[in-house]
Each structure stands twice: as structure tokens, then as C-alpha cells.
Amino acid sequence: MGWNSLLSQAVLTDTEVLHEMNDVPELKSAFIRNSDGTLSGLVSMISCTTNQAYCMVVQIDKSISDKYISIKPTDDPQCFQIVDIQDVAEDLSLQPIFIQVHHNPNRRLPLQHLIDQAAERALGRLNLDLEKNVTVDLTDQDDMNIWRDKAGFVVRDKMQLCELIVNKNEFQRTLKAVENVKISEFNGSQMSKVVEFDTAVSSTDRSTFLEYLFKDANVRFYNGFYLDSNIQMYKIICLHLKTVTVQIVFAQVLIAENEDTSKVDGYGVFRKDRILSVYANAKETASAIVQEILQTMNYEEV
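Per full-length UniProt numbering: the sequence shown = residues 1 to 302.
Computed cross-link-like contacts, DSSO-like style, restricted to lysine-lysine with a CA-CA straight-line distance of at most 30 Å:
id, residue 1, residue 2
1, 272, 176
2, 176, 283
3, 72, 62
4, 193, 215
In case anyone wonders, no lab produced these hints; they're calculated from the structure.
Using the sequences plus the hints, can you model the full thing?
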């Protein structure tokens, strides 16, 4: 799921951001604070296997993203304090080759610090780190030089994803009607069938995460009271009771079931005018899910 995207569209305090991350099952984080305690950077990963992790969240304050910082640990094992900020890296040119190549200097880019700390929390230390494998999805806006040359990632274009904005009506005309597929809002009784389907299409077991993600499906809250069942509450971000203002990140989930067998054949997740993900065992099923999503959305463009 697009955690970076969801977080970037929500109005969150530092405490709320960290609470969101700590609430996700099996997610391990590392973050840094500046001298006044403000959150300056965050990286969160989830382990897929004993030596493979997926980097779900990367958020670094632009004011320090290209600075070389020194950090120190705090009483919180996932938190580090910035103690020094410089514009240039340490000069290791006079050091032995081994130090130049294998030694991590005290002063590094925030991304370098956070990737290493989060990876160690998620995967531990394996064979001098030679067996660690961390995957991250990068966008055109990400600095490939930092990810490749500084953070040590092998940047590959094996799979390129794109985010498109299209006219909803024109998009609908490209989709074909499908028979024997029932589309409905997710409800808790479908959880086991959703997990069974997801296990078949995914290379890893995501059951714990899906149960967390869908746990409040089709419930809407306003200042702590149920309102209706027309929309899924993804997470209550914060309630400002004095001004009666609620900030909530919504995501709706639709389930596709085979009318003959009642098996789950796919699901879709969307929020406002954005389709976040669609999984299906056939193109026709995906088409049916998207059709229902578009009919639900009250936007000209998606």
C-alpha cells in the first residue's frame, strides 16, 4: 500500500506519525530528531523473509536531506538524535583503503543512517550484512544517485510503475461488463477468504498486515460515534474536539466474489479519487472491480 502517499496527504503531528508506524504489525522503524526534538527523518521496513525486507516509508526533511549529519542513540532504541550537521562528507582520502571502502563514517546522509538502522531492526545482522536484501519502490522525484551511490541500493528498472490521471467517464468506456462476479463492500466475515486469495497471488504471507489494514472496514466514526456503514475508516488520525474537526484517512475496500462458488477472486482498495490497488485472478474480474470503484467515486478525474 502507498503509506508514503497516505501519510503525505494527512495532517499529522510527529507523535501521530510514529503512532501510525508503530501500530502496523511487524513494521520496524528508525527515526531521527533535531536539537529541538522535531522529527527530521523516518524509515520503516517490514521483513518478508529472514533476509529480505520491504521499505514501506521514507520521509526525510528536505532541509537536511543533502546534509551530512552525525547522530547518537537515545533511550528509545528506534530514535536517534542529530548532534552535528555539515555540508560536506568526511574526508577519508588519507585513510587506508579498507576504511575508505568498508567503514561507515560518523557523518553521513540521513538516508544512509536510517536505512542501516531500520534494516538492522528488521533483519538483524546476517553474515556481515552480505545476505541482506532490501527492496524499495522509487519515483522519478527520488534522487537515484543517493539511493545507488550512498545508500548502496542496486537501482534496477525491472518493473516500472506509473500513476495516471484519467477522465472517469472515458476510463469506464474501456471496461467490459462481466458476468458471474459479485462486487460488494468488504465485511469482517470475508477476512479468511480474502487472506486465502491474497496468499495465492502474493509471494509472501501478508495475512497479519491485511487483518490490520481491514480491521475497521465499513465503519465510520465522528468524534467517537458510529455514523454509517458506507465508508471504511482506515485510521482516525486526530480529533480536535474543541473545534469539532475530524481528520480521517479513508480507504474503501471492495471484494469480488465468484457467484457460483462464493470464492474471493479479487479486491480493490481506493481512497477519494485514487485507486490504490487492485488484485484479481483474471483481467475480467479486475475490470468488474474497477467499474464498481468508478461508480462509487464522485470525481470527474481519477
